[in-house]
Structures are given as C-alpha cells and as structure tokens.
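Colleague: Once you've looked at the hints, dock chain Z against the given chain E.
First to last, the protein sequences are chains E and Z.
For the record, in the first sequence the residue sitting at position 91 is 91 according to the working numbering, with numbers rising by one throughout.
For the record, in the second sequence the residue sitting at position 398 is 636 according to the working numbering, with numbers rising by one throughout.
A portion of the hints provided could be inaccurate.
[What the hints assert, rightly or not] Below, computed lysine-lysine pairings styled on DSSO-like, alpha-carbon distance capped at 30 Å:
#1 K120(E) with K253(Z)
#2 K80(E) with K120(E)
#3 K138(E) with K253(Z)
#4 K138(E) with K624(Z)
Quick caveat, the hints were computed from the structure, so don't treat them as lab data.
Keep in mind it's a predicted model, so treat the numbers as computed, not measured.
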Amino acid sequence: MPEIMICMNDLKKTYTSMGDEVQALRGVSLDIYKGESLAVMGHSGSGKSTLLSILGGLNPPTSGTIEIDSIDLYALSQEKRADFRREYLGFVFQQFQLIPYLTAIENVMLPLTTTSNSNKVKREMAEGVLCRVGLAGKMNRLPNQLSGGEQERVAIARAIVNEPPVVLADEPTGSLDTKTGDEIMELFQELNQEGLTVLMVTHNPDNTRYMGRTILMKDGQLCTDKAEILQLVSGKKR
Amino acid sequence: MNIFQVAISNLKRRKMKMLFLMLGMVVGVATVVAMLSIVQAMRLELGDRIDEFGANAVIIPRSEGLELSYGGTVVSDVAFEVQTLTMDDIPGIYESDVVQYINIVSPKLIGAVKVGNQNALLVGVETKREFTQKPWFSLREQAGVSTREKVGDLALLDVPEDGLILGPSAARVLRKKAGDTLDLNGRTFTVFGVLNEMGTEEDGLIYGNLAVVQGLLGRPGELSMIEVSAYCNFCPIEEIVAGLSGALPNSRVIALRQAAMFRYQTIDQFSAFGFALSGVVLIIAALVVLTTMLSSVNERTREIGIFRAIGFRRVHVMEIIFLEAGLVSVFGGVTGYLFGSVAARVAGPFLAQLQGSIPLRLDLILPSVILSVVLAVLASAYPALKAARLDPAEALRFI
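Next up, chain E with everything else stripped away, as it sits in the complex (with noise of 0.2 Å):
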C-alpha cells in the first residue's frame, strides 16, 4: 500500500464577492499518494485554483482539514506555514512568474534565499538543477532573454532546487506551443519517475498522458461520473 503524501478531508471554501456568498468548494476529500503524479482538470470556475491555493498553504480553507506529509497545514501559524511551503511544495505559476530583474541562476536560488546555506552552496544547487532542465549555457540571462520553454524550465527549476517532495502546477503549458509543452511535460514526467509527487492543474488534456492519475472539478467538487472524466481526457466537448 503506498504511503499517502497528502490527504484533504472536505474541503469547503466560500468566498463573498459583492454580498454574494460564492461556493468555490464544496467539500473536497481526496489521497494523494507519494511519487504519485495527478492531473486536476476542470473548466473555469470549476475550483480547481482554489484547490491548488489551499494546497500550498496559500488560502486557509472555510472548514475541512488538509494534511501533507502527516503535518496539519492550516494548524501551522502564517509563518511557520511559510517554512513549510519552502521545505515541502514547489510551486510552477502559470506565466511562469519569474522576477524580471534577476537573470536565471538568481531566480532560481530564490527560495534559497532565505535558508542558512552559504551562497556558494546555493549557487552549487541552483547550477545542478538549471543543468538537470537543460539551461547550463543560459545561467546569467534574464527573463526577456529566454524563449517561453526556457522561461518554464527556470520556473521548474526554481519550484524543485529546494527539493520539496511535492511540486504544485497551475497551467504549466497554457503559455507554450504543443512542441514545447510537450518537452515541459516530459519533464515533468522525469522528475515524477524520480519519485517527487505531483500536481498538476490543467486545461490541457494531452498533458494527462503524462500523468498518473487525472480528476475531475465540477461545480467545486470532484466529479465521479467516468464517462465525464474520460470525456474531458479525450478532449472531446460535451
């Protein structure tokens, strides 16, 4: 049986917007399993966001609880959840969200920052990890200086040099041609098989051939329907 790296147990979220209560959850419970690789798929508005910014620590959730690695993240204070989220997640943004004024090695020893590390062992890391995504030659270049792929690949670069064993990624190949998404899911795929637990959120269903498992948001909960589900994978509108 393997070990479950992060467990949600209904999982509710409600916003206010406008006087009007929105339910952006409603009631998640779900396993996710160590080394495990999971697609979230959904349409907009289905929470599948929401679910990825609870996951990280990022938006405390209405009720419901959600472990990770056995730690209870919302009983953790705002700081201490900040160590956490540097220890245990990687996050890839959509847009990559690199900082622009700092070149490739730099963004990515960013979540070095602030650990005790001397700065010749955090360059020593931030250079392993750009050579493991390809970008030896393109250290001291800047966001504007690389193409899209090599801009995701610094952004992967920066969500795995801490070595967290989950990485969380909202739409990492919404802003990429199918070429190139494909090259970041391959990616994505290695350093799965190379036991980091995975979560991907995406609107892509192609990129759930490289996923272990993929599920379904519908209208803030997971969606059981299998015909729906294989629907949605094979990219066929309903």
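Modeller: Below, chain Z without anything else, positioned relative to chain E:
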C-alpha cells in the same frame, strides 16, 4: 543570493524611482545640515561681534540713593555715602573668579570742564583700551594728516599726553579741527583728532588721556566707571557680574543685559525658524518616501506574492522593503550632507548676513546619515507592513 542582494537587484532595476526617493532624502537632510551650519556660524560670529563691540558690564561706584517725590512727581533725588572707584580697584578685576572671561578693561573718569565760556564733558580714557573696546569709533580728521591721506586706526594710535580727541558735535560747537589748540581749565591741549559722526551722545564728548584728565580735574587715581568686555560667547553674563561684584565690594556692577539678551533672542529666533523649516522639509521628504515606497509595493504585488509562495516569511518581505529604503537613504544622507554644506557656504552669508565663511561641519556627517536612515525606515514602515500583509493567493490571482 540573500535578502540584501534581492534588495540591491530591485534598486538597480528601478533606478529612476529610487533616484526620486533619494532626492527626497537629499533635500530633507540638506536643509537640516544647511540650517545647523548657518545657525552655528551665526552663534559664533554674532557672539564674537558682540564681544568685540563694546562692554558687557559696567562698574560704577556704589552709592545709596533717596528719591523724594510729591504727588507722583520726582522732586529731587539724593545720593549719599558715595564710594570712590580708583585705579587700585582694577587689579581686583584680574584677581576675580571670572578672570578667564575678561577681555578688555577700560577705566574712565568723566568731568565737566570750562572751554572759554562754555561747559563741556571731558572723558579721561586709556585710549588704546577704550578704542579697542569700541571699534566703531573712528577718526574723521587727524592732526598732521592731510585730508587726502588716510587717517590712522584709532585703536592703534598713540595719542600724545596733551592730545584730545573731539566728538564731531563738540568740534562743531567749539569750532575746532584737528591740529588746533584748545584750553581746558586753563591748560592748553592740542586737538589730535575729530571723530566721525555716530549719532549718539558720545558725539558731544571730549576724550583725553586718563592720567592727564585725572590731574586736570584734581581727582588723581579716581575713576567714574570701568567698562569691562568679556569673552562672552557662551558664558553667562550673570556669572561675570557676580564674580566682579564679589571682587569689588565698593562698586556696583551692571550687566548690559540687553546686548546679551538681544544676541540670544536673535539667534534663538533664527534657530527656531530654521528648525521649523527643516521640520516641514523633513515631513515632505518622509511623505515622498512613503508615497514612493507605497507605489513600489503596489507595483510589486505579484512579485511579493511569489516571494511569499516560495517560502519568504512576512519579516523577510519587510526586510527587503526596509533594506531598499535604508540603502537609498544612506546615499541620500551623504549626498544631502554634501549639498547642505555647499548650500550653507554659498547661501549662508546672504541668508544670515554673515561676514565670515561657514565652516564645514564634519561632525554632521554621521548624524545626517542616521537622520536619513531613520526617516526612511519610519516612512517605509507602512509600505513594508502593507507588503508583508499582502495575501499571496490574491497577489497571484488564485482567488
């Protein structure tokens, strides 16, 4: 890579904004430095000028007085038990507790003399001391010096024993000019010089050598008063008066408080104005820092969201903002100090009507930097707090 390098990198990227921020600090610090430099120069120069110009205290013989009045009108006042002030009292001044403050001691005897059929006031002085103490006295004409030649400096001239110096009014009334002879109480003197018009009662006086006047008036060794000027830049005049009174029990010491009060009041008023102005400029500088840092935080919402998402604590985000403001303000403080010093040197003499140059206040470098940093850090507190409180989920548009 550390927090410091993140701050430096951001400063490099936002050069114009940070330059604007620095400018705010430069103006604030420069105003304070310029004001402090000018005020200090004023204090020193005005102090020196007042020490130079005239006496701080006058010593006169002690006497008891009675005033007879009737229906609110003074009918007569009577002085009795008048003590005598003599040349023997002068050493007492130099033996007093306040000798370190004493600059010039100028004894004088004043008496009425007959010039022909007119009465005149004759003042016996030690001319070099008297005219050094009162440098505004100058000669209009001098015996033996033609009108085309320059007259000598009164404080440096040796007035002959039988020489007299006439005030301009006295010279006009007596119809005398330099080189003429003048009979006083039957003794013939030579008019050594005539003073320039000063518009005071001193214009009507005749000045002679003290010892000669004492002999002429039949009051050898006697003095009417002693004027004392003190090195009184920072000394309390009250202390000098007390010291002199103790040393000369048969005399009354009167402080020319007005001059001292005037000096302090003038400087204090200028200082108050200067500090108020500096305060206003500093508040404006702080507002510049506040708005610049606030707009910087607003522009960097997403970036701060990323920092927080990848594990920066709130305190790390605040550290970045404070470091940026602090680094800019260090340069702002040093530049402000330089600008302020230059401004004081260039504009100070015009602003404060100073004659001398304004010295460079090296002691203000560190306070300038500290002031700049403290101001920048305080003004950045709200933007830093706002940055730290940013909701990372919102900043990254997860919501």
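Colleague: Broken hints, numbered, in rising order?
Modeller: Violated hint (a single one): 4; every other hint is consistent with the structure.
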